[in-house]
Each structure stands twice: as C-alpha cells, then as structure tokens.
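Protein chains in written order, with this note's numbering: chain A, 1 to 462; chain B, 1001 to 1462.
Honestly, I wouldn't trust all of these hints.
Below 25 Å or equal to it, Euclidean Cα-Cα: the simulated DSS-like pairs (lysine-lysine) are [claimed, not checked]:
| no. | chain 1 | residue 1 | chain 2 | residue 2 |
| --- | --- | --- | --- | --- |
| 1 | B | K1268 | B | K1411 |
| 2 | B | K1268 | B | K1203 |
| 3 | A | K310 | B | K1459 |
| 4 | B | K1459 | A | K165 |
| 5 | B | K1203 | A | K54 |
| 6 | A | K165 | B | K1377 |
| 7 | B | K1317 | A | K203 |
| 8 | A | K234 | A | K317 |
| 9 | B | K1203 | A | K459 |
| 10 | A | K203 | A | K145 |
I should point out that these hints are in silico values taken from the structure, not numbers from a laboratory.
There are 2 protein chains.
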Amino acid sequence: MKRPFLLTICFLFAISLNSFSQEENQDALFIRQIYDQALTNGQCYDWLTHLTTKIGGRLAGSPQSMAAVEYTKQVLDTLGMDKVWLQPCVVPHWNRGDKETVRVTNSALGSMDLNALALGNSIGTDDEGIIAEVIEVQSLEAVEKLGEAGVKGKIIFYNRPMNPKQIRTFNAYGGAVDQRVFGASKAAKFGAVAVLVRSMTTKLDDFPHTGTLVYEEGTTKIPGLAISTNDAEKLSTILKKGKASVYVKTNCGMMGDKPSYNVIGEIKGSTHPDEIILVGGHLDSWDVGQGAHDDGAGCVHAMDVIQILKRLNYQPKRTIRCVLFMNEENGQGGAIAYMEESNKKGEYHLGAIESDAGGFTPRGFTADGHESIFVEKFQKVVEWLPLVEPYGLFLEKGGSGADISRLKSQKGLLFGFRPDSQRYFDYHHTAADRIEAVNQRELELGAASMTTLVYLLDKHGL
Amino acid sequence: MKRPFLLTICFLFAISLNSFSQEENQDALFIRQIYDQALTNGQCYDWLTHLTTKIGGRLAGSPQSMAAVEYTKQVLDTLGMDKVWLQPCVVPHWNRGDKETVRVTNSALGSMDLNALALGNSIGTDDEGIIAEVIEVQSLEAVEKLGEAGVKGKIIFYNRPMNPKQIRTFNAYGGAVDQRVFGASKAAKFGAVAVLVRSMTTKLDDFPHTGTLVYEEGTTKIPGLAISTNDAEKLSTILKKGKASVYVKTNCGMMGDKPSYNVIGEIKGSTHPDEIILVGGHLDSWDVGQGAHDDGAGCVHAMDVIQILKRLNYQPKRTIRCVLFMNEENGQGGAIAYMEESNKKGEYHLGAIESDAGGFTPRGFTADGHESIFVEKFQKVVEWLPLVEPYGLFLEKGGSGADISRLKSQKGLLFGFRPDSQRYFDYHHTAADRIEAVNQRELELGAASMTTLVYLLDKHGL
C-alpha cells in the first residue's frame, strides 16, 4: 500500500495532538458541559412525549397542527428567550377522510385486501371507487415505454424497491421516491386511472408509507396510494401468474388553503445581533402515527438547544433563533413565508441547522452553501473536527434541509443534522412513527450535537 | 485556533486522496462486495430469529444451551467449511428455579413487591426466605465505612446509578458493575444477610437486569438480587422517609458442573494455514429473555462472516476460524478450554475478533495486544482506515472481548467489535433482550464490518 502511508502519518500526527490551546480547551470544556446537561437535564424527550401522545399526527391545516403550534409556543415562552412569536403562513389542508380500500382480485386467488394509504395531496376516488386491471412497472420510464396502448384505463403499480445496498438509507430513498412523487402524473399522461406505489422502505412488513405526491400542472389528476412492501411482493407474485384487477376507494382530498404558523423564538446576540444562527425542525407531520422521528424529534432538538444554552447561562454573541417550520411535508408554506420575510428584512443567516432525519444516535452534520462562499467558510468548520470527533461526529459537505435550503442566497452555511439512518425508513410516514420508536439517550445526544454546533458557530463565527 | 490548522491540512490532504493504488482498489471493491452480500444475502437475521424464538435464553448447562450447540453446529455444517467440530468444556450450571420475590414493607406504606431477578451464581434463600431491615449505600466503600455495626443482620441495597454522562455506555457500566459483581461478598464480610443491587442501566423502567456475581473465597455466601431502576428509585424514596424491611425469597442455586461445548468451524488457509484469524461470539446467554443482543448477535455475526466469504468464493490465505464460545456469562469455561487447547497445540492467532456488544449499527473496532507487539502491528491496521471509514468505522486502541482476551500471550491482535452502544443497556441481561429489539439492517452491517476486518487481516497479515 503506497499512499496510505502518508495518510497514516497524518493520522498518527493527529492523534498525537493531545493538548489543546487555551481557547480550544475552553471550547472542549464547554462542549463537555453541553453533553452533560443534555444527558442529565435534557427536556427533549418529555416534550416529544407530549407532542406525540397528547397531540399526535399533525398534518398542516389540521386541528392537531394548531395544537402543536400552541404547545410549542407555550414551551418556548418558558425558556427565557428575548422574543417568541408566531409567523403567519399559508398551507394546503389535505385530509385523508375515512380509511382507504385497495382490493386485488384475480380468477385463481379470489379477493384480497392490501395495506394501503392514500398519498398526501392525492385526489380521492368518487363514491363508487375505481376498478381496473393493474400493470406492474419498475420506473417512470417503463410507463413511457408502455405508452397509451399499455397504460390507458389501467392502474399502474410502481414496484422498484429502495436499494438495500446503500449504506446511508436516504440515498436509497432518493433513488426510489420519484415513483411516489411523480408517478401519478406520469401514468396519467398515458391514460392511467390510478397508481399504487411500493412503500419507501427496505424493510419487508405490513406498514404502508404515505408521503407527498406532486401533480404536474395541466395533467389529469388521478388517485395515488402506497401499499406495504409485503403486499407489493404479494401483488407482484400474483401478477407473475396472471392478470389481476384492483379496486381502489379513497376518501381524501384537498380542503383548500388555510392560515397557519411557524413558531419562532430568539435570543438576541450581544455583539453581532445581525448574524443569525438558526436551529430548527418542522412541526407538521403526516396524519398517521405520531410524527415522532419525522419530525417531532427535530423540533424538540431545536427547542432543547435553547434550553441547554440557557441552563448553562450562555450569552450568545450572535442571534440564536429556534424555528419550528409548518408544512414541510406537503407544500413548505412555512419555509416559503420564513424565507420571504427574512429576505425582505435583509437578514443574514450566518448558519442554519435543520434536524429532519430522526432522533437516532448522531453521526454528524453535512454542510451546504452558496458556491461563492462555501469552500472558504467550510474550511473554518473543518477546524472544529477535533472538538466534535470525540463525540462520534463528522463534518462533511452535503445537503442541509428542506426548510432551510432556500436561505442559501444569504451566503451563510446550511447544515443538515445526520443521525444514524438505518432504522429511519422503518418508521418514516407510517403508523409506526411513534414515541416507542424513539430512544431517550439517542434523542438527547442529538440535542447535544446540535447545541455544540450552534455554540461553535456563535463563538467563532464564519 | 492554532494547532487545528495543521490538523486541517492533514484532513484536507486526506480527503483529497480520491484515487487508490491498484491493490487498494481491489480491496475497496471487495469490501463493497462484502457489504452488498451482507445487505442482500445476509443470513444472520434468520439465524438469530431461530436462536431466539425457537431456542430462547441459553444459560450454560441448560437444555437450551445444548439445543443452541446443536443448531449452530448444524448451520456451520452447511457452510462448506473444511472442518466443523465441538470442543468439550466444563461449565457451572446455575438455575433460577421459581420466580423470586422481593417485598418491601414499612409502617407508612404497607407492602409493595419489587421487580427483581436473582443474580447469576447467587445462592438461594431457604424456604422461609429472609426478612431484614434494608440499608441503602452508594458503593462498596460505603459498606466498609458502615462496618459491622451498620451492616450486620441487614440487607444492603447498592444504589449507585450508571453515569448517564458517559457517551460510550460500556464505560458507565464499568463504573457501576462492581456493586453487582462484588457487592455480596463485601457486605457479607460485615454480616449482611442479602444484597439488592440497582439494575445496570441508565434507563428508568421496570426491567430488572441480572448478571453474574462472584463470591470471594472464604467469605460467607449471601443471596444477591437486582431490582429494576424504577423500583430502586422507589425504595430509595421510601428509605429517605424512614426505615423499611425487605422480604427476599429466591429459589436459585448451583446445580454443579456440567459438560458442554464450544462450536467451532474453520476454513484452512491456502498459504499460511498456521496463522489463525478467529471470529466469534458467545453462545450462552442469561435465562431471561432470548439472548438476542447478548450475544446471539455476536454468534450470527461470526457465522455470517463465513457465509459471506464463501458466497464470494473467497479463498483465504490464512485459517479463518469461527468460534461460538460457551459460558461467557458466568464462568468462561468455554474460553478457558479454547485457550488451553490452543496454547497446548502451539497455535498462533494472528487476529481474533469478538462481537459481544450487541447487534446495533457498527461504529468500529478497538484493538488490544501484547505490549511487545502492539504498536508495530496496530500501525499496520491504521493504514486500513481509508478503506473502512466510508462505512463509518473507526479503528482504535481499546479492549477486545472476554472470550478472546486470554489469547494475548500468542502476540497477535485482539479486536472488539464496537457497535453503537446507546440502546445496549436497555436490554442487557433482561427479559427485553428479544429479537424485536434487533434491527435487521443494523445486524447485517455488523456482519459486513466483521467480514471486512477478517478480509483485511487475511489479505495483508500483520
């Protein structure tokens, strides 16, 4: 092995640095205090328990989403921040209605109900439902190839699984989710009457995973539903043996736009109040389950950052702002309102951190930013590695978060919190995303990691 | 910040190495294949499902432990190894008997039963049980301070919690477990009649955690039991308000020594057959629960290493040996027998890897070895970092495993597999250590990590 030798020297040199400068020592000590507080006085798990068990699923526009606005504002009001407010936004209100039915029938098998959930933003069927032959495909391109001759009047069943070989499961999600988001409009162009989509998970089980679909403008809207991976396997097996028809009945639909709110609190910076460090998650969730990992965890992470800093009597130099965004799941009305007001005021977000990947053991942060500033600013962040590596954290180039990515034009750095991703898609957008799926210590370590990055951004700037 | 600048240069240099030498490329490609196989054709989860749900808790000497020997030997027989055999060993057979009772009584409260488990190797009470005043202490030293005047005739309640501030939970375990292991003999020296020990977990719940106690030779044996953390908190609250007595009745005891077996399979090395690379876990578990994480996971990890290498048609240069040790939990009869025979034969274990920290997402390996060879050999291991870091793995100095640590005199390297430790002590030695607590992908990634290290040891030697 040739080149690793140099690498080894770097590594051995790095681990030989067992003494920090005085400033680094201060940082290391303060970070240790952050973790101590998070693991002994963290509030995130208690808040998440309330959000999940007392309020539950919180789809934008729903009464539960408004209860979540009320509850989290009340909590922020207790944390001694300089200002807590609700920022108005407009959100679409999609409603599932009564439980959906998907029933497959073929001559050999008889009939069988499949575990299904209407996709978010989908139109419903009429009262009679839809019955049609079902055609399995592996991709949007396959629908194009089939063309109108193969698709018209049919129900298209997208069955390409998430790739289990991806180590980071979000990459596998990214490689399959086009079927859920764009599959309905693609199939409708060729005359399909509805689509079924294999659930977005590598796990084989009975939970259907909902999630948003997006209708292309000018294309006929047809109903879209997710079926569980076990049922996708069954349906595929049936179709290998012969034709089958599926009956679909959904009761969902758009209820129109509604007013809603982002929940925001801030601590004004003592010396650089115009440099904002945002920490946030999204308050809305899908209606099934309790929105525990997605994204109750992210909200309570962000709230606990404030609680921990306050408990440590930390006086920030820069403005620390906790933002709980509304409507990330199916429209991003909250993110749009936030960005518009921020740009109008000429604000500068020096850093923004979003937690929207679950409450699992932290592995690190990925950073993104405008190309004109990224290399220079990220070089500064990399200098903090020796301070965060003892806590098992990496700092890498990568994505940030759906709610904060619009802030890129302000030319600060945008960070995505990256916990262990192996279990995330066991729960994502399902009835299983409940408080029981969250481990308290793992959640608390997330809050500690977020607080650490906020502290370093505030202390040293970019 | 002064010194991190140099570190940064190292880091930037490291990440700029985006091309490998030809040999490294081969390694990188083969490791990618290992992960692909583990995540698509891994057998570890199916095997663990059998071991846990069809056999269950497998305490050494029990019928279940013999069923586990039989089952895993049968599986190894199917893997096309050069040799599979049972290695005889002698184990103590401890038996819990009927469910234990711990009842606290005080004048204000009346009576309350506590969730309790006799500690492994503990003697039982006689049929009448024991009733005595209970005294809370935080340490073994506190018992010494109380002396005979404070301890004689009493039941001692050790209540020092595991330190929640430790990031790696095994360190917190190491800082509290002296109470469980040595607490009974320490208290007995001053005339105590029994001990209760707060369960070894930072989680507050109702599961008592069993585990081994060791009686000091020449000291009176008294019964020892663990109580759940919730009940330890309750008992402590009661004792703050006044005196309380506790009734203890256990039905456990030693049934004498029994013959048992380690299960071993090996693939003979093609060019260096005398250099052995061991990969293993322990087959026995506590009697409560199913021994899923501790240590069914370790066994199926080791077995899957063989399955994955075979599936990839890998021909090892060195001898790869899969060893499923018996009796790690309460005597290490299997490890002793293995070490004695190995030393007698003059064997050389170039490397040994034990998985005994659960089936969670892998974080890396710690390495240990005889001081005369460690620095030189470990330097070679560190050169592999660029190959394993893409899979989120570290390679650090640290401990290995209870079953393999006796091989240190053979002067190879001993490795401990280190998965994420945050949830381990939610399940360790409890009725909750069941297959439901194991995530398939996390388990499979463990098997892939172990296979990767075996491959690198075999390919490059030390």
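Checked hints:
Proposed proximity of K1268 (chain B) and K1411 (chain B) is supported: the alpha carbons are some 21 Å apart, at most 25 Å. Among the hinted pairs, K1268 (chain B) with K1203 (chain B) is inconsistent with the structure: their alpha-carbon atoms are about 45 Å apart, more than 25 Å. Taking the CA atoms of K310 (chain A) and K1459 (chain B), the gap is near 53 Å; set against the 25 Å cutoff, the hint is violated. Distance restraint check for K1459 (chain B) and K165 (chain A): the Cα-Cα separation of roughly 24 Å lies within the 25 Å cut-off, and the hinted pair is therefore satisfied.
Straight-line distance between C-alpha atoms of K1203 (chain B) and K54 (chain A) comes to about 22 Å, which keeps the hinted pair within the 25 Å bound. Restraint check for K165 (chain A) and K1377 (chain B): not satisfied, since their Cα atoms lie roughly 32 Å apart, outside the 25 Å limit. For the suggested pair K1317 (chain B) and K203 (chain A), the alpha carbons sit about 36 Å apart, so the restraint of at most 25 Å is broken. A C-alpha spacing of about 58 Å is found between K234 (chain A) and K317 (chain A), which places the hinted pair above 25 Å, so the restraint is violated.
Between K1203 (chain B) and K459 (chain A) the alpha-carbon distance is near 34 Å, which puts this suggested pair outside the 25 Å criterion. Taking the CA atoms of K203 (chain A) and K145 (chain A), the gap is about 29 Å. The hint is violated against a cut of 25 Å.
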